[in-house]
Amino acid sequence: MAMFDHLLRDIRSVVFRDGAQNAIPPLDGALSPNDRLDSAVPIGDALPGLDDVVVARDGSVYVSARTKVFKLTGNGLATRTLVAEFDGDAGGLAIHPDGRLLVCVAGRGLAAIDPARVEPRWLDKADGHVLTGLLSVTAAPDGRIFAVEGSTGRAPEQWRHDLMEKRSDGRLIACGAALDDAQVLLRDLPYPYGVAVSADGNSLWLTESWAHRLSRFALTSNGIAPREVIAGNLAGYPARLHLDAHGGFFLGLFARRTHLIEFVLKEDDFRKEMIATMAPDYWIAPAFAGGGDCLEPMQIGSVKALGIQKPWAPPRSYGLLVHLDGEGEATDSLHSRAGGRFHGVTAACDSQYGVVIAARGAGRLLLYTGDLR
Amino acid sequence: MSITTDNFAASVRRFSPRLLLSELLLKQWFEPVIPFTVMIGLWLYFALTIPNYASVQNTVSLLRLFAEFGFVALAMGFCLISGGIDLSVGAIFALCNFSALFFLLVLEWPVGLVIAATLAVGAVLGAINGFLIGYLKTRPFLTTLVTLIILRASVNLLNTGYAQMFATNSVDSEAWDYFGGGSVFGIPINAATLFVVLLVCHIFLSRSRYGWHLTAIGASRKAARHAGIRVRLMLFATYVLSGTLCAASGIFYAARQASTDSTTGVGWEFQALTAVVLGGVSLAGGKGTVWRAMIGALIIFLLTNGLVRMGIPGYVTSAVTGMILLAAVGIDVKWSKNRGKAIQKIYVNPAFVALAPAPALQRGSASPFAQNDRLIHAQAIGLDQVEGPEDVILDRQGRLYGSTRDGNVIRFSGPNFEAREVFAHIGGRPLGMQFDRDENLIVAVAGMGVYGVALNGGVFKVTDETNRTWYKLNDDSRLRMADDLDIAPDGKIYFSDCTTRYEMTTNTLDILEARPNGRLVCYDPATKTTRTVINHFYFPNGVCVSHDGKSVLIASTSLCKVFRYWIDGPNKGRTEVLIDELPGNPDNINRASDGTYWLALVGIRTPTFDLASRKPGFRLRMVKQVPADEWLAPGLNHGCVLKFNEAGEALESWWDPTGTSHSTLTSMREHKGYLYLGGLENNRIGRIKLDGVDENWSGYDAYWGANSRVTR
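Taken in sequence, the protein lines are chains A and B. When the letters of the first sequence are read in order and numbered with our numbering, they come out as residues 1 to 373. When the letters of the second sequence are read in order and numbered with our numbering, they come out as residues 1 to 712.
Just chain B, with the same shape it has in the complex:
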């Protein structure tokens, strides 16, 4: 059974839950999904068990109670992301609560000044932590533990001195009362402020340079320092921020409660720590968002509040919180260590492919695919001077170019191509090449996109991204692995991006997976835009604009077929199968002098690989159980070049059946009576003399000169 165009299209839309999961797990925003579910679950549970829990009134009062804890959790979150910890948050909160009351009731300052002064107190206390940790390089845990003890003792000392005064004095200030019990659009003022602060902090952390610096320091302090980030200053600022956030929390608490005692803020540091780690901010640093911290804080808040309302004693609640902290820390450690492995385990998702029957290769038979030895004695050019010339091309002067694995385009010139030079260093892995009308060499570069090399060897970028598919989880706007390209008469560059799920080094996995992960992309130089023309294509590899300029031929390496995509004429926009049955995995396609086409087969289909392609479960287990080096692959050591005509009929083949000279044969180019051969992993460019062909025909002329067959 072979795939017709229709069920080819249907197979593209095949859904795989495993695929979805593996791509979801790769997403940053998917990480807090479990805490988020727990949070919703808790709320639903209490809503069902506690009367009037789900009412608006209750929600508003819960929000008012929560906001102050939210600030403290946020402060803790920042410290954890920076790779440290701030155990003194509860004590700073308590001291700022005292300060606010002291400034207001004892010194009788105006409300605005009280707020500014209290924030300053928090900032100064944070600055002490920050100075010790950032500049004196003390350990965050011990340092903040010490400040916790000192500040806690100071608060208790001050409380005993002023508690009576706080209880008897009072001020009559509407502004102050508004801070304590006011609302904005029905939302308590403290919760509204928290929300605004969260938004600002989120943008700061995820979109600003300093936020990235902070995360970088948390991920690796040493690497951040080597990258030129001002680590000491950033750490100092982090603890100042932490202190200021605690101060904000203290102000709201003071305004709401107007009292202070020895239990204010006791244990908040541990509640905050539990909350933040539970939400998915890593204890190891460098990972987390403000929302994760908030999700965790909400869980802890809902839990303690709910348990109290269900009449469960406080010590039980504390014990439960402790257990949760233990579990969260354990999961955090295990998950951050094994996440990569878990994704790796499920990332490759082989699919069922029914390949068309493979034609016979019997040596000496009448089949156009019959094996022969016509490539074994090909003349070797640049032997051991090129590393894997995936594509080869010749310019108008007859100079030979090869795109090599070291990121170069190598040029050979002279009568016997003995002069070797590096024509251009592009980087990435240069693959398919073509000359445009102005003789710029346009190169598809895996890992980078499409680049051009001017006549003088200067490298310029053509394009490196296309439009993103809106419903795909994997961001596919970047060109992952531009493979081969060709240029239409109107100058549009058609190129294949053979996979959006793998890289150059792992592209064999894509063939093993056999899913339509690739695409055909078109760059229009007139508008300088890049658009995906065919999304979801099975490993598109070779691309060639037909002689008449009306269609593009595309080789699908994993389906072992050649397709034709119409870019002009009555069928414009349609895709059809041109060659259904091929004995191997097709690679590059190029024009031949007699109006036909050359096709390189990089691998020969083996009966076992064909069987494996019908058995996705077999391949999945193989990928999991067998070391990568030992996976079954197509027969890549046995090269072959085919010639086929406009109707898709194979005419003749040229073989190196043992792969002595040309293994992993990926390309061929006809030029003035010779055929030049390139190989992805080979150490040479081959050349054979062709009989009975037009000895004046060259590729450039066939595209842009006198030999063009484009019909208008």
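Excised from the complex, chain A in its bound form:
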């Protein structure tokens, strides 16, 4: 009885005022919209499928794009050298305190690349379940490694299915420095995307995209303490979280939440038929980039007026990088609004030349030299 479902939900929304239906918060304060992300300068040629970016202690920058991992060096990071190539897509990256490069490989697991050895070492199972959907990895100063698997039911490239099917089966995994002793710390998470250890090494930070949530866990000798929610209702879908050079974080939000998407998430009947009959690119769902294909859904406010798409139009895709201080409070943000160029930010890190930003939607690695803290 679909009619009663809607009625019941309406009643629930009145009775339980702050239940699961959190209103999308406005972008204000430190998150006030601007066009600063569009002023960033692309580094080198386009990198289709660009995903994560991390900085090594020697100042070089590692970038993952599709199946490859590159190392960027030289003045302005202009020189690209191929570090590794995998069978699956390379995603999250991290530099282990002992200098190894950790790479999340879709469909395979976690690879640890030691510059001194040819073959990487692999972690491919946790709790008897193959690690097919690792999204991010990080290492604590004591050598422990933490990784998140966004979904156990859907591969990383099917992330839209994961959202629209309302899955919540991601995992947080920990293992030793030698990729041994893997254990599942948390399970049934709504698409955990980013994970980072704070600069002092005392806490683990976690983003969950479908819950629009940023949380913190104190690290204990044998695991993690209970969750502390830092931001429970973000305006977008959080992606990766990396430390900056001053103890704060860069948080990429890969898409904005829109009222229409939130509405479709409530409309089970419509959503099921949409999933069953259409290509994901044409769904009413978040997107890394949009506007190029006439079969994509359109919203009334997005109609071009006098040749211009208004920046405040409901965005099909959006570019948003937020800087957080050590306590998780947003202090500054870079935006690329509707009609802008650099959408779908999945990661960013500090380098000696400025902030290096991975705009996955645009397929561009960006260098932002202005102030961001």
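No lab work stands behind these hints, which were simulated from the structure alone. Do not rely on the hints blindly, as some may be mistaken.
[Claimed, not checked] Listed below are the simulated EDC-like cross-link pairs for lysine to aspartate or glutamate, each with C-alpha atoms no more than 20 Å apart in a straight line: (1) A:K272 <-> B:E465; (2) B:K624 <-> A:D269; (3) B:K615 <-> A:E273; (4) A:K266 <-> B:D629; (5) B:K615 <-> A:E262.
[Stated by the list, open to error] Here chain A is said to cover these stretches of chain B; the calculated rule only asks that three of the stretch's residues, wherever they fall, bring their Cβ under 8 Å from a Cβ of chain A: (6) 611-621; (7) 629-635; (8) 677-686.
[Unchecked claim] Quick list of the computed label-pair ranges, beta carbon to beta carbon: (9) A:A30 <-> B:G673: 54 to 62 Å; (10) B:G322 <-> A:R9: 35 to 43 Å; (11) B:F30 <-> A:F4: 25 to 33 Å; (12) A:K272 <-> B:I40: 45 to 53 Å; (13) B:I34 <-> A:F4: 24 to 32 Å.
Where is the CB? At the ideal position from N, CA and C, for every residue including glycine.
Model the placement of chain B on the given structure of chain A, informed by the hints.
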């Protein structure tokens, strides 16, 4: 599944209770429906519980008792509509009752003089209120409260002096007795008079200039003053009228009862107030009719009378009346505040539409719809000098016209169209254009109708209304949104009125609603009459008379189809589907030089919008829960121009798939080897060179000159 012509016709007649309710709520006359039902219900209740209640005799005697209260309630109604209140109605009534008896029994004036003098007393007492309120601008509530106290005290004073004299004196006058107990055609004289007065007052209030002034003052005194209404005089006159009506009531009461005491008319002001507010006359002023006041008065009268006859004590009745006043005032405040919102909530009523499958647009495929970039590099004319040229047209001299959102027709001339001028300012939102035989530019103007611009730039009205559909609640005689037009060889102007439920600014709602709210209308210059040709059409947009002049092609934007309506030949009067499957929402249609047609697609169908059109509940909830800016829409940023032949087969397409130069592409016009492009929200007119076409062909010649293909 696609819609054939037959079940297209059936879908038109689909009934929606929600639609009916939303349109009923918009109607003024629907407002007192609840008090009216209560009134009927009360009467039925008493008819069932009190013996002989429903008899003719009882009804007649009830009417005789009611009429005097009816006058007083009417007086109160007028004051409320004017934005004030008259608490002194009961006291004026009592004093006039006394005056009538005094003139008759003490001064022994003739009956005619007594009536005239009593009415004058009422008018003077009302004039005192009116002077204070209208000219000295005192507050109506306090002023009439004061007059209530003074008059009530005077009546009591006078009563003590003359009561004995009234009781002992009597006159023998048939005329006076007739006022007290006579009947006209079986109806008591006082009730009959009340009915006549009601009729006159109704016509005065709803049909006369002064009645409108009165309502306007009640709605907003300041605005009425700014509009040049003589507020002070009108208010003065209102209270004089109120006093006179009370006097009439007093005369009948005096004639019927021939007595006066200290309780005459006590509490009537509150009963009248309760009655009038209950009937739906707003306490805030500016809203109400005499009938509403009467419905309320009847409810209160039936209730008090009925309760008394059921043996319920008077104080209980008073308490009940008080409760009713409280409830009525509460509902009045809430309803007048939220009525608009309530209507808004239920006005949009999406319907199920099964669109035909959308053809593939794959770039590089053999399909005539295959995407390409042929419009991206169109030459821009008047860049940033035109605001939304929905339609474009060229005259015989090769000058280019665009209809823009600022209500203008802009003309570009010169070899490269660099000279811009405002050819005519029509107002409204000019949309489709066409030249008639005499080179007048005929323009469909949303919000206004069909207008013409003469060669010298003079604007004249062609038509702005059509015949009303008798069974429709929404008055559809006005042209709401004339969209596109074309002219048949006999000079008849066929035009689309794309929606009768929405306006230019809200027409996207019509596409979301996907109901047949539009129509095809024809203006015949020979008889100067306008008739609706096809009523109930799904968002008719582009209109084009076929090359042979025997049919009209109509684009349906919300159904994504093109229809053909025969205006001549053996099939005359029939409608058929010409193009069933289109990849987008069609807009204007125009003739091409090679005997085919141009069609603009303003939006491209997206899989999600197609799915939503099959799910009316989804769209309904979306309209309610999601802000308007974020509603799902067809892909309006991706323009496309199609060419199709007489058989409805698409031949070729011209695309701007990213909408860089031509988003919301609504029109195109071929002229001497070039194709000119217009867009509803664009900042330019585009032009592309066409290959292999007749470079001497122009639109005007194809309609009225040598290139015409009309067969006779």
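Status of each hint after checking the structure:
Taking the CA atoms of K272 of chain A and E465 of chain B, the gap is about 46 Å. The hint is violated against a cut of 20 Å. A hinted pair counts as satisfied when its Cα atoms are at most 20 Å apart, and K624 of chain B with D269 of chain A qualifies at roughly 18 Å. Simply put, K615 of chain B and E273 of chain A have alpha-carbon atoms about 11 Å apart, close enough for the 20 Å limit, and the pair holds. Proximity of K266 of chain A to D629 of chain B is assessed by CA-CA distance (about 19 Å); at most 20 Å being required, the pair is judged to hold.
Proposed proximity of K615 of chain B and E262 of chain A is supported: the alpha carbons are some 17 Å apart, at most 20 Å. Counting residues of the stretch 611-621 of chain B whose beta carbon lies closer than 8 Å to any beta carbon of chain A gives 6, which meets the minimum of three for the stated coverage. With a threshold of 8 Å between beta carbons, the proposed coverage of the stretch 629-635 of chain B by chain A holds, since 7 of its residues qualify and at least three are required. For the stretch 677-686 of chain B, the proposed coverage by chain A is satisfied: 4 residues have a C-beta within less than 8 Å of a C-beta in that chain, meeting the threshold of three.
At roughly 58 Å, the beta-carbon separation of A30 of chain A and G673 of chain B lies within the given 54 to 62 Å, and the hint holds. A C-beta distance of roughly 41 Å is found between G322 of chain B and R9 of chain A, which places it inside the suggested range of 35 to 43 Å. A beta carbon spacing of about 30 Å between F30 of chain B and F4 of chain A agrees with the range 25 to 33 Å that was offered as a hint. Distance hint check: the CB atoms of K272 of chain A and I40 of chain B are about 49 Å apart, consistent with the given range 45 to 53 Å.
Distance hint for I34 of chain B and F4 of chain A: a CB-CB separation of about 29 Å, consistent with the stated range 24 to 32 Å.
Comparing the model with each earlier hint shows a violation of hint 1 alone; every other hint is respected.
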